[in-house]
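Chemist: Chains as they are written, first to last, in the numbering used here: chain A, -8 to 448; chain B, 472 to 720.
Hints listed in this document are in silico derivations from the structure and should not be mistaken for laboratory results.
Hints may be right or wrong, so weigh each one.
Simulated pairs of lysine to any residue, SDA-like, Cα-Cα distance not exceeding 20 Å [stated by the list, open to error]: (1) A:Lys390 x B:Asn483; (2) A:Lys390 x B:Val559; (3) A:Lys420 x B:Glu615; (4) A:Lys390 x B:Ile545; (5) A:Lys390 x B:Phe617; (6) B:Lys579 x A:Pro439; (7) A:Lys390 x B:Leu594; (8) A:Lys420 x B:Ala612; (9) A:Lys420 x B:Arg611.
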Amino acid sequence: MTTATASRYAAEYQTIAPALPGQTLPWLQALRAEALMAFSAQGFPSPREEEWRYTNVLGIEKKLFAPSIDLTGSDVDADWLKAYQLEDTWSVVLVNGHFSAELSVLEGLPEAVSVMSMADALAKQPGTVEKYLGRAADQSEHSFIAFNTAWFTDGLFVHVPAKVVLDKPIQLLHIVTGSNAMATTRNIIIADALAEVKVIETFVGTDIAKDGVYAASLSGTGVANAYLTAAVTEVFVGACADVTLYKMQSESEKAYHFGGSYIKQARDARFTHHNFAFGGLLARSDIHVDLDHASECELNGLYLGVKRQHIDNHTRINHLKPYAVSRELYKGVMDDRARGVFQGRVIVAEDAQKTDSQMNNRNLLLSDDAEVDTKPQLEIYADDVKCGHGVTVGQLDEKSIFYLQSRCVDEETARNMLTFAFANEMVDKIKIRSLHDRVLEQVLARFPQQGVDKEWL
Amino acid sequence: MLSIKNLTVNVNDKQILKGINLEIKAGEIHAIMGPNGSGKSTLSHVLSGKGGYTVTGGSATYQGKDLLEMAPEIRAREGVFLAFQYPVEIPGVSNIYLLKAALNSIRKHHGQPEVDAMDFLTLVKDKVRLLEMDEKFLYRAVNEGFSGGEKKRNEILQMAILEPRLCIMDETDSGLDIDALKIVSEGVNSLRSPERAFVMVTHYQRLLDYIKPDKVHVLAHGQIVKSGGADLALELEEKGYSWVEEAEA
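Based on the sequences and whatever the hints tell you, model everything.
Modeler: Quick look at the structure:
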């Protein structure tokens, strides 16, 4: 379809366009116009596209979610917020796609460091934003990126100058409160040479209980919110800089989530990503990394699906230059009728000799109706490289179950212990205590363990 | 304590145990010896309830109860402990977590309250010292990355803490160097008591240099072909299994 009617969203665009930030910036207006055109021509990605073949986002088009122009965060319960807002962090809170100064915590930032909303950044540092926006996320990649560029209402902007090491992490708390709402946000994280920063992206719907359990599935707590999150994060890791990005996605049971992280690493830069995908009816994550000379990246992921959840993880690692190292481990646990997808591509360019790359995807299926589609791809154009990949899809190991039974543990508890242990390997990799405990709580809510001290896990 | 009568067992329609008879009393140590393929491991697996075996006849009565009727975890809670030939590595489950889960399952089975956290730690640390293990082992994942000796020592540690009545030791000496063998044997000897029985399943006699059995049985082709005292093991060591196998034929 190439007509302007490819998406009903395009028809609605003019009504919200005047409310979007950056009205006075011609370069941004031009960028948005170009993106709108690209999106209008295609609509949302179709399963006919190879990289969307397992994930059908038709529901988003059907629902026609509406962007929120309302700027208040007043309907966020402070007590509930505490469960997700981490202590010992600077935090930027976005409610329905808009920055809430009232809920955010930004006191005590080192002077040279910028942490602010994207709308603020467009007003205060338009030159810097112009230099980076759209430079890591390629609009032609797929139409979600174009959609995001045209529609984004706000986001997080982080700039850590050279040699600055931030001692506290920065949390981006992305909250959606309403039903049928749409939150489209664009984030930029820049770490100049030798800088170090940790950023935590938390996506959550207000109908999710404090421990991450779907409130709607508990008795007497009402109906789940259907909404759309469409977030794009661009990360620029300077030479010898070190950036860690955590993503915890606990969207509402009926929510659609698209979250793309696009990372450009300079020489000798280091980047680590941890992707915890727990929520949403349909959730898709993109993590694309471009590696320069001798840079290193580590991509970790844990996706847990229940009921009819569909959780898609799409990673791409581009080894563009020699001596870069990449490590990837994604683990999935699918129960009920849930479906998990892992598409991992590692592309080694002709010039990228001495590349060292390992990709692994391990899946546990807990029910006969659960499904996993896993597709690791290695594309190697250099001849002196060390690359490997491995995939498993299976059930729990019967030998392990018997071993636990022979140690007095009943079969059901044994299965629960082993499933938890499988998932917990990824939780254990979290280096930020408060986040670790939050994520652990969510995993424990899925796979309860009795009479255990958390220190033992 | 354990009375096995004419037990026959199939694996994939092939008869492996062809009528085993064995009487084990509390306080006794029985060694079951035999060449590879004689059915030694099958016997220990069947007694502990591992899947994949079909009991086609006979019985195993443990403390007056039908052992073969019970689920593996019930046998374990009733006091049957299998020390594995190849203890399984369980990444992500710490030793101490498993020990507490196991101990509390036993207590619950016997209608007792859960173990007090402090008492539990004291108990566990005492036993760790007894087996000359590093306390750090407790917080490591069960058997993950352990050497062969460490795994076997870990089995004895579990045994020491769970205090079973009937301990079935499946080829405990395999893969152990002489120092590890001594420590494991000392652990077993310290657990000997008038209320507890041991079944040592082993190919070699050397374990019996350290743990002296009351009775030795030779298993060949799925049957016990000879029984005797501790000196039978020495005789076997000297003459080899062909001696009893031929005598049988």
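Chemist: Starting from Lys390 of chain A, check that the Cα of Val559 of chain B is at most 20 Å away, please.
Modeler: Holds, because 7 Å separates the two Cα atoms, which is no more than 20 Å.
Chemist: Does Lys390 of chain A pair with Asn483 of chain B here, judged by a C-alpha cut-off of 20 Å?
Modeler: The hint holds at about 18 Å.
Chemist: Between Lys390 of chain A and Leu594 of chain B, does the CA-CA distance stay at or below 20 Å?
Modeler: Given that 20 Å is the threshold and the Cα spacing comes to 28 Å, the pair is violated.
Chemist: For the pair we were handed, Lys390 of chain A and Phe617 of chain B, check the Cα-Cα distance against 20 Å.
Modeler: Within the cut-off at roughly 17 Å; holds.
Chemist: Checking one constraint from the list: CA of Lys420 of chain A to CA of Ala612 of chain B, max 20 Å. Satisfied?
Modeler: Measuring from Cα to Cα gives roughly 15 Å; hence the hint holds.
Chemist: Hinted pair, alpha-carbon criterion (20 Å max): Lys420 of chain A, Arg611 of chain B. Please report holds or violated.
Modeler: Cα-Cα ~15 Å, so holds.
Chemist: Does Glu615 of chain B sit within 20 Å of Lys420 of chain A, going by the straight-line distance between their CA atoms?
Modeler: 17 Å, holds
Chemist: Please verify whether Lys390 of chain A and Ile545 of chain B have alpha carbons no more than 20 Å apart.
Modeler: Holds, because 17 Å separates the two Cα atoms, which is no more than 20 Å.
Chemist: Do the alpha carbons of Lys579 of chain B and Pro439 of chain A lie within 20 Å of each other, as the hint requires?
Modeler: Roughly 19 Å between the alpha carbons, so the hint for Lys579 of chain B and Pro439 of chain A holds.
Checked against the numbered hints given earlier, this structure breaks only hint 7.
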